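The lines below spell out each chain.
6 protein chains.
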Amino acid sequence: MKNTLVESPPMRLTRAYEFAASHRLYSRHLTEEQNLELFGKCSYPNGHGHNYVLEITVEGPIDPQSARVIDPVSLDEIVNREIVDRYDHRHFNHDIPEFTDLVPSTELVTKVAWERLVDHIPPPARLISVAIQETARNKFEYRGEI
Amino acid sequence: MKNTLVESPPMRLTRAYEFAASHRLYSRHLTEEQNLELFGKCSYPNGHGHNYVLEITVEGPIDPQSARVIDPVSLDEIVNREIVDRYDHRHFNHDIPEFTDLVPSTELVTKVAWERLVDHIPPPARLISVAIQETARNKFEYRGEI
Amino acid sequence: MKNTLVESPPMRLTRAYEFAASHRLYSRHLTEEQNLELFGKCSYPNGHGHNYVLEITVEGPIDPQSARVIDPVSLDEIVNREIVDRYDHRHFNHDIPEFTDLVPSTELVTKVAWERLVDHIPPPARLISVAIQETARNKFEYRGEI
Amino acid sequence: MKNTLVESPPMRLTRAYEFAASHRLYSRHLTEEQNLELFGKCSYPNGHGHNYVLEITVEGPIDPQSARVIDPVSLDEIVNREIVDRYDHRHFNHDIPEFTDLVPSTELVTKVAWERLVDHIPPPARLISVAIQETARNKFEYRGEI
Amino acid sequence: MKNTLVESPPMRLTRAYEFAASHRLYSRHLTEEQNLELFGKCSYPNGHGHNYVLEITVEGPIDPQSARVIDPVSLDEIVNREIVDRYDHRHFNHDIPEFTDLVPSTELVTKVAWERLVDHIPPPARLISVAIQETARNKFEYRGEI
Amino acid sequence: MKNTLVESPPMRLTRAYEFAASHRLYSRHLTEEQNLELFGKCSYPNGHGHNYVLEITVEGPIDPQSARVIDPVSLDEIVNREIVDRYDHRHFNHDIPEFTDLVPSTELVTKVAWERLVDHIPPPARLISVAIQETARNKFEYRGEI
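Protein chains in written order, with the working numbering: chain A, 336 to 481; chain B, 336 to 481; chain C, 336 to 481; chain D, 336 to 481; chain E, 336 to 481; chain F, 336 to 481.
Only chain A is shown next, with the shape it has when bound in the complex (with noise of 0.2 Å):
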């Protein structure tokens, strides 16, 4: 076997992942007014939804194995468990206690998002970017503390 190709410098794995949610762009330090004006459309009372989409990469050295950067089956048991069936169908304003102080803005989904997958990432493999697309013209991306 060609060792050279197999122990190798970093590969990098994109997966992505889909949920259907609701938001309200909302801060419980301003008025109603202040929210509007600060936020527009998105604060709405009701909250309003996007089909999110999330893509999570990993980075790691090629198994030699398995000549695979991470067991794919694991990563989607990960980041279902944390993520994906704990986001899906719900409001997070009402519904997901991590956005209770927190405005569930996609910037702050995305970084709540890194928080939660970081250290369940099985080494070698190591997270290195959650970016999530709220809608076809939005992405946001997260790399942690640099």
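Don't read these hints as lab results, they were simulated from the structure.
Quick caveat: nothing in here was measured; it's all calculated off a predicted structure.
One thing to keep in mind: the hints can contain errors.
[Claimed, not checked] List of simulated lysine-lysine pairs, DSS-like, C-alpha gap at most 30 Å:
1. K376/E - K376/D
2. K376/F - K376/C
3. K376/B - K376/A
[What the hints assert, rightly or not] Partner residues are not named here, just some residues of chain A that face chain B (Cβ under 8 Å, in silico):
4. A355
5. K376
6. G382
7. H383
8. G384
9. H429
10. T435
11. H455
12. T470
By construction, the Cβ of each residue, glycine as well, lies at the ideal position given by its N, Cα and C atoms.
Place chains B, C, D, E and F on chain A using the hints.
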């Protein structure tokens, strides 16, 4: 001018629009338990949302002067006024009067959109299809009473 | 309730599924040379593969209670049992009994999928189209005997 | 061989092609001012362009030997010769003879494409639709004289 | 409020815009023959066009009050004023002053877009990437002087 | 000419290619049972396939004469010769010599593609990324030894 080309049989134009909204599949004629059994996670109390992609198809002859089947600016005004501006960033169950007594399934949102549009398309063009893509996997289409 | 809205003419739902499989265009009634001449690179001996996207379209009235044309969970069970679970990660020529004597062109995969599904759709919904996207450029559609 | 499978009712194949071209919506029967009023920014003097996606749909029985509805290599030769090679990287108003006297609206480009193709599809397959996607939001379809 | 969540390291937002325009790859320092040899069909005299998809990526801390990295309405105003409204439905070679002496390759359109935007992004957000997708197969990205 | 614009820092071009192929995740150093346990359905004996989308990213200065980072015709010749023409409509395990002793995971296909391309990109452009999208949910990227 080759008149045979412009005095023509029907041409179709499909034009796409996008809006972000929330809905909850819930019938007031059923108990909470019955709703959950019938609709599953689509009936979670606080609702969830989608990026709805609305596709409007009109059909008509090609106008000899404009070489168009319909003026796209007029079509946009109609669709935005009747659908997009009313539904975007809203919660169907709470904010939209026409769903006070209707379950806002995407089937019925599609049908209501047809009914709101069908009489406004300027002749000789006419509406022939309204479709809504609810998720990357799900698309509904309605073509009126046949 | 506005009954005119729910006692309605047909609504269509198109639902998409994906499976990865291999095929080789090869007729046992032709020589190897004839197969290569007829099918070109699609007849290379070890086959090649695709991410097949299967689109199932059903049509029916909107159920007054559920406001749906079909229960999507039931539809998924049928399509997964009859098609996706049987074809996913398989080689049509070697692994799928219904292609022992049929060239697994995407035309015939589409037609066989129709035949495997048409009697299982719960009335009053009925199957009206099965389409398979074979590549980004190629899509086949079958609508049954007309 | 299960002959019922291959002596079959019509199957449809839709095949996509792409070309980049320019056009200006402009009628020589109108003044510059009238053109601008009728067509807006689509009539700016130097034109603008699109990545046009052309979708050709043919319909026919599945050939018992090839298990195909049409030889895709032949279809590509026809479409490239009649449409793609003639329109790609060209300006409809200045470079394409068939638009010397026609406004090159995408409606008319679609209709002309139909007329250039309809007699060249080898029987028993026949052309049933020509569609052109002009932008991510706009798609035109023509199905011939009905 | 969990302050560690909102006093955060950089978050990235990528926002997409679309415009339809024409260009011709042509250098006034070369003869017609040299241009055709160098640029091929991209140098045909009357130009051709594309649906350009412009992706703007900004990076910055998440604002503690708005939970956002930038106000999207402000970003849209800047990008529309500097790029989209100036280039949409225009011919780069004839209509856009900054390309009077520059070959309007998509490389240079991307670089000019960066230069038109980089000083307008409101701090603490800053521009980190401008990318333009020219066709389904071709994408250019510029990240400034490094 | 504004020389500051053309004597420029690196510009990136990402160009996409597509090929249809088959693979089986299988290590000859493991038993059939061990392969099935490790790879699941990806190790079914006859393999399965994908529409692989290959994205090649090169980086370099913008050439002052051509206003391009690389001649796209040359890049296509290199990528087609080294990758697309060799892998398209083939089975990695049986038809491709470089995978005789390597598990053809998409990680290793991506890495091998990098190694086949890296020395052929004409300077001053250089290869900076090879990515392969294996399914709509899965994408691998390799950036070489760092």
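How the hints compare with the structure:
{"no.": "1", "hint": "K376/E - K376/D", "in the structure": "holds, 26 Å"}
{"no.": "2", "hint": "K376/F - K376/C", "in the structure": "holds, 26 Å"}
{"no.": "3", "hint": "K376/B - K376/A", "in the structure": "holds, 26 Å"}
{"no.": "4", "hint": "A355", "in the structure": "holds, 5 Å"}
{"no.": "5", "hint": "K376", "in the structure": "holds, 4 Å"}
{"no.": "6", "hint": "G382", "in the structure": "holds, 6 Å"}
{"no.": "7", "hint": "H383", "in the structure": "holds, 4 Å"}
{"no.": "8", "hint": "G384", "in the structure": "holds, 1 Å"}
{"no.": "9", "hint": "H429", "in the structure": "holds, 4 Å"}
{"no.": "10", "hint": "T435", "in the structure": "violated, 13 Å"}
{"no.": "11", "hint": "H455", "in the structure": "violated, 24 Å"}
{"no.": "12", "hint": "T470", "in the structure": "holds, 5 Å"}
In this structure, the hints that do not hold are numbers 10, 11, in rising order.
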